[in-house]
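Q: Take a look at the letters that make up each chain.
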Amino acid sequence: MTTRLIYFAWVRERIGMPEEDVELPAGIETVADLLRWLQSRGEGYEHALQYPDVIRVAINQEHVDHREKIAGAREIALFPPMTGG
Amino acid sequence: MSAALVPSVRIQRQDFDVAAEIAGLTQGRADIGAVVTFSGLCRDERGALSALELEHYPGMAEAEIGRIATEAVQRWPLQGLTVIHRHGKIRPGENIVLVVAASAHRQAAFEAANFLMDYLKSRAPFWKKEHRTDGSEGGWVEAKEADAQAAKRWKSPSE
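So the sequence lines, in the order shown, correspond to chains A and B.
So the first sequence is numbered by the working numbering: it starts at 1 and just counts up by one.
So the second sequence is numbered by the working numbering: it starts at 1001 and just counts up by one.
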């Protein structure tokens, strides 16, 4: 299944693109697995995700924590802590 | 009464008119005794900042602020609630965010507006980038631990 990944703020800048569609390999079950897999995809990803604990994640536009299962996610967004308001 | 209230949430590039937003909630009714508004503005950081660039997550920004506003309506007896958050390039002195909470009595309106802002800061998907007056890019504004702590005080003991 194809999953759309969306990046914001410095995560977007470091990875070098606002979004991409990926085929997740078998064994990627949770958000934490996804972050680990992405880190292995190149320098930009490694730089963006070197401190995975600070990365915030939303699945289908709702906040989730890193233990969340990603099965069935259409859209997963990765971004830094928010600074609105 | 308040169960039927649907908060008005708008994410927009253009500015807003605070007086017009208050009038929008109060006009033609006589049951509102208190209106609290909070406006957040762009500071110039003692002349160092020329603009803030606000990036947002379209779709989720509306949805997340809608979820926070719905929670406020369930917790306090409100008669009106409007939340507006701007995105794009915003200059010092310009508006960024507006919360208008209307209620029969002041306490509910004060608390709901305060709750909305604390949650917005740490949960609404917006990110601020600084542009400096010397022409350099100031980088991304860092999230403050104080804002995350401020949001936590509204949690009930069971959460």
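No wet-lab data here; the hints were simulated from the structure.
Just to be clear, a hint being listed does not mean it is correct.
Lysine to any residue pairs mimicking SDA-like chemistry, simulated, CA-CA at most 20 Å apart [unchecked claim]:
hint, chain 1, residue 1, chain 2, residue 2
1, B, K1144, B, D1044
2, B, K1155, A, H63
3, B, K1129, B, G1088
4, B, K1144, B, H1105
5, B, K1089, B, S1050
6, B, K1144, A, Y51
7, B, K1129, B, K1152
8, A, K69, A, R36
9, B, K1152, B, G1088
10, B, K1129, A, R4
11, B, K1129, A, W10
12, B, K1089, A, Y51
13, B, K1089, A, W10
14, B, K1089, B, T1133
15, B, K1144, A, P81
16, B, K1129, A, P80
17, B, K1144, B, P1077
18, B, K1155, B, S1050
19, B, K1152, A, E13
20, B, K1129, A, R12
21, B, K1129, A, R14
Q: Take the C-alpha atoms of B/K1129 and B/G1088, compute the straight-line distance between them, and say whether it is at most 20 Å.
A: Given pair B/K1129, B/G1088 holds - Cα atoms ~10 Å apart, limit 20 Å.
Q: Please work out if B/K1152 and A/E13 have their alpha carbons no farther apart than 20 Å.
A: Violated - the C-alpha atoms of A/E13 and B/K1152 are around 30 Å apart, more than 20 Å.
Q: Compare the distance between the alpha carbons of B/K1144 and B/D1044 with 20 Å, and conclude whether the hinted pair is satisfied.
A: 18 Å, holds
Q: Regarding the pair B/K1089 and A/Y51, is the alpha-carbon distance no greater than 20 Å?
A: 29 Å, violated
Q: Holds or violated: are the alpha carbons of B/K1089 and A/W10 at most 20 Å from each other?
A: 17 Å, holds
Q: Would the hint linking B/K1155 and A/H63 be met if the CA-CA limit is 20 Å?
A: 17 Å, holds
Q: Mind checking the alpha carbons of B/K1144 and A/Y51 for me, to see if they're no more than 20 Å apart?
A: Answer holds: B/K1144 to A/Y51 is near 17 Å, not above 20 Å.
Q: Is B/K1129 close enough to A/P80, meaning Cα to Cα at most 20 Å?
A: Judged against 20 Å, a Cα distance of about 12 Å means the pair holds.
Q: Within a Cα-Cα threshold of 20 Å, do B/K1089 and B/S1050 meet the stated pairing?
A: 10 Å, holds
Q: Given the hint that B/K1144 pairs with B/P1077, does the C-alpha gap stay at or below 20 Å?
A: Violated - the C-alpha atoms of B/P1077 and B/K1144 are around 30 Å apart, more than 20 Å.
Q: Given the hinted pair A/K69 and A/R36, is their Cα-Cα distance within 20 Å?
A: 14 Å, holds
Q: When you check the alpha-carbon spacing of B/K1089 and B/T1133, does it fall within 20 Å?
A: 14 Å, holds
Of the numbered hints given earlier, the model fails hints 4, 7, 9, 10, 12, 17, 18 and 19; all others are met.
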